[in-house]
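Engineer: The residues making up each chain are set out below.
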Amino acid sequence: SQKIEQNSEALNIQEGKTATLTCNYTNYSPAYLQWYRQDPGRGPVFLLLIRENEKEKRKERLKVTFDTTLKQSLFHITASQPADSATYLCALAYTGGFKTIFGAGTRLFVKA
Amino acid sequence: GAVVSQHPSRVICKSGTSVKIECRSLDFQATTMFWYRQFPKKSLMLMATSNEGSKATYEQGVEKDKFLINHASLTLSTLTVTSAHPEDSSFYICSARDQGLSTEAFFGQGTRLTVV
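Residue numbers (the working numbering), protein chains in the order written: chain U, 1 to 112; chain S, 1 to 116.
Incorrect hints may have been included.
No farther apart than 25 Å at their CA atoms in a straight line, the calculated lysine to any residue pairs in the SDA-like style are these [unchecked claim]:
{"#": "1", "chain 1": "U", "residue 1": "Lys63", "chain 2": "U", "residue 2": "Thr18"}
{"#": "2", "chain 1": "S", "residue 1": "Lys14", "chain 2": "S", "residue 2": "Pro86"}
{"#": "3", "chain 1": "U", "residue 1": "Lys55", "chain 2": "U", "residue 2": "Ala31"}
{"#": "4", "chain 1": "U", "residue 1": "Lys99", "chain 2": "S", "residue 2": "Gln29"}
{"#": "5", "chain 1": "U", "residue 1": "Lys99", "chain 2": "S", "residue 2": "Arg24"}
{"#": "6", "chain 1": "U", "residue 1": "Lys99", "chain 2": "S", "residue 2": "Phe39"}
{"#": "7", "chain 1": "U", "residue 1": "Lys57", "chain 2": "U", "residue 2": "Leu47"}
{"#": "8", "chain 1": "S", "residue 1": "Lys42", "chain 2": "S", "residue 2": "Ala72"}
{"#": "9", "chain 1": "U", "residue 1": "Lys3", "chain 2": "S", "residue 2": "Thr49"}
{"#": "10", "chain 1": "U", "residue 1": "Lys99", "chain 2": "S", "residue 2": "Glu63"}
{"#": "11", "chain 1": "U", "residue 1": "Lys3", "chain 2": "S", "residue 2": "Lys20"}
{"#": "12", "chain 1": "U", "residue 1": "Lys111", "chain 2": "U", "residue 2": "Thr78"}
{"#": "13", "chain 1": "U", "residue 1": "Lys17", "chain 2": "U", "residue 2": "Thr65"}
{"#": "14", "chain 1": "U", "residue 1": "Lys99", "chain 2": "S", "residue 2": "Lys42"}
{"#": "15", "chain 1": "S", "residue 1": "Lys41", "chain 2": "U", "residue 2": "Ala10"}
{"#": "16", "chain 1": "U", "residue 1": "Lys59", "chain 2": "S", "residue 2": "Glu63"}
{"#": "17", "chain 1": "S", "residue 1": "Lys20", "chain 2": "S", "residue 2": "Asp65"}
{"#": "18", "chain 1": "S", "residue 1": "Lys41", "chain 2": "U", "residue 2": "Asp39"}
{"#": "19", "chain 1": "S", "residue 1": "Lys42", "chain 2": "U", "residue 2": "Lys55"}
{"#": "20", "chain 1": "U", "residue 1": "Lys63", "chain 2": "S", "residue 2": "Ala2"}
{"#": "21", "chain 1": "U", "residue 1": "Lys99", "chain 2": "S", "residue 2": "Asn70"}
{"#": "22", "chain 1": "U", "residue 1": "Lys99", "chain 2": "S", "residue 2": "Thr32"}
What follows is a list of derived Cβ distance ranges for each label pair [said to hold, decoys possible]:
{"#": "23", "chain 1": "U", "residue 1": "Ala83", "chain 2": "S", "residue 2": "Asp65", "range": "51 to 57 Å"}
{"#": "24", "chain 1": "S", "residue 1": "Lys42", "chain 2": "U", "residue 2": "Ala112", "range": "43 to 49 Å"}
{"#": "25", "chain 1": "S", "residue 1": "Pro86", "chain 2": "U", "residue 2": "Asn7", "range": "41 to 47 Å"}
{"#": "26", "chain 1": "U", "residue 1": "Pro40", "chain 2": "S", "residue 2": "Glu59", "range": "21 to 27 Å"}
In case anyone wonders, no lab produced these hints; they're calculated from the structure. Only a predicted model underlies this, so the values are computations on that prediction, with no experimental measurement involved. Here a beta-carbon is modelled for each residue, glycine too, at the ideal position from N, C-alpha and C.
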């Protein structure tokens with residue numbers, strides 16, 4: 001079965017630095033890969049989507065890369081702020097129903 | 001972005017009773033909705049895919065008689081946890097996909113179920 005691995009350890013960084021989160025998957029590549037933000041006790045909020053034929057996608061301070069050879073996606077937050085502190089989930093979606101499978105998430109703490 | 005409303009946000013029920021959770025797409029039509037379950041500090045586990053007007057598709061290991069799903073309209077799906085037990089206590093989240101878009105899914109705010 002498909003597995004998604006995200007760093008289970010929390011990531012602590014200083015405000016203003018770039019946070020980089022990693023998502024690795026096994027087996028077959030998805031149609032597209034998504035990143036979500038989840039705050040405690042809340043549902044996930046969609047951030048970015050990147051398709052299998054794309055290498056990089058940007059949105060404001062966010063950047064996502066997708067390497068289907070390495071089966072890895074990197075999620076970057078530049079000029080990080082304390083408000084960016086949250087859990088970030090990597091999700092893989094497949095065609096034919098668009099079923100989405102989530103990683104366990106990485107908790108990010110940005111210190112002022 | 002599109003809004004998905006999930007109700008209730010919190011519910012406490014006694015063992016043996018049933019609980020219904022509603023998931024509504026407020027400003028778009030959703031032919032497909034998804035139900036997830038999340039344990040503390042764990043990933044969202046897909047339980048079932050809810051299709052409007054047809055039977056839900058359950059993931060392996062999810063009891064369909066335990067978790068009843070109804071998707072009677074393009075804007076509403078319900079999950080009923082029947083004969084709830086303490087081990088059913090969890091965070092349940094729904095998501096809906098706009099049938100006009102093929103990519104992102106929009107999530108409800110989740111329901112914290114506690115069975116005592």
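Engineer: Please go over all the hints and tell whether each is borne out by the structure.
Structural biologist: Quick rundown of the hints versus the structure:
no.: 1; hint: U:Lys63 / U:Thr18; verdict: 10 Å, holds
no.: 2; hint: S:Lys14 / S:Pro86; verdict: 9 Å, holds
no.: 3; hint: U:Lys55 / U:Ala31; verdict: 13 Å, holds
no.: 4; hint: U:Lys99 / S:Gln29; verdict: 18 Å, holds
no.: 5; hint: U:Lys99 / S:Arg24; verdict: 19 Å, holds
no.: 6; hint: U:Lys99 / S:Phe39; verdict: 20 Å, holds
no.: 7; hint: U:Lys57 / U:Leu47; verdict: 11 Å, holds
no.: 8; hint: S:Lys42 / S:Ala72; verdict: 30 Å, violated
no.: 9; hint: U:Lys3 / S:Thr49; verdict: 19 Å, holds
no.: 10; hint: U:Lys99 / S:Glu63; verdict: 19 Å, holds
no.: 11; hint: U:Lys3 / S:Lys20; verdict: 31 Å, violated
no.: 12; hint: U:Lys111 / U:Thr78; verdict: 14 Å, holds
no.: 13; hint: U:Lys17 / U:Thr65; verdict: 18 Å, holds
no.: 14; hint: U:Lys99 / S:Lys42; verdict: 19 Å, holds
no.: 15; hint: S:Lys41 / U:Ala10; verdict: 11 Å, holds
no.: 16; hint: U:Lys59 / S:Glu63; verdict: 40 Å, violated
no.: 17; hint: S:Lys20 / S:Asp65; verdict: 14 Å, holds
no.: 18; hint: S:Lys41 / U:Asp39; verdict: 11 Å, holds
no.: 19; hint: S:Lys42 / U:Lys55; verdict: 28 Å, violated
no.: 20; hint: U:Lys63 / S:Ala2; verdict: 23 Å, holds
no.: 21; hint: U:Lys99 / S:Asn70; verdict: 18 Å, holds
no.: 22; hint: U:Lys99 / S:Thr32; verdict: 10 Å, holds
no.: 23; hint: U:Ala83 / S:Asp65: 51 to 57 Å; verdict: 44 Å, violated
no.: 24; hint: S:Lys42 / U:Ala112: 43 to 49 Å; verdict: 29 Å, violated
no.: 25; hint: S:Pro86 / U:Asn7: 41 to 47 Å; verdict: 32 Å, violated
no.: 26; hint: U:Pro40 / S:Glu59: 21 to 27 Å; verdict: 25 Å, holds
The structure fails hints 8, 11, 16, 19, 23, 24 and 25 (numbered hints given earlier, in ascending order).
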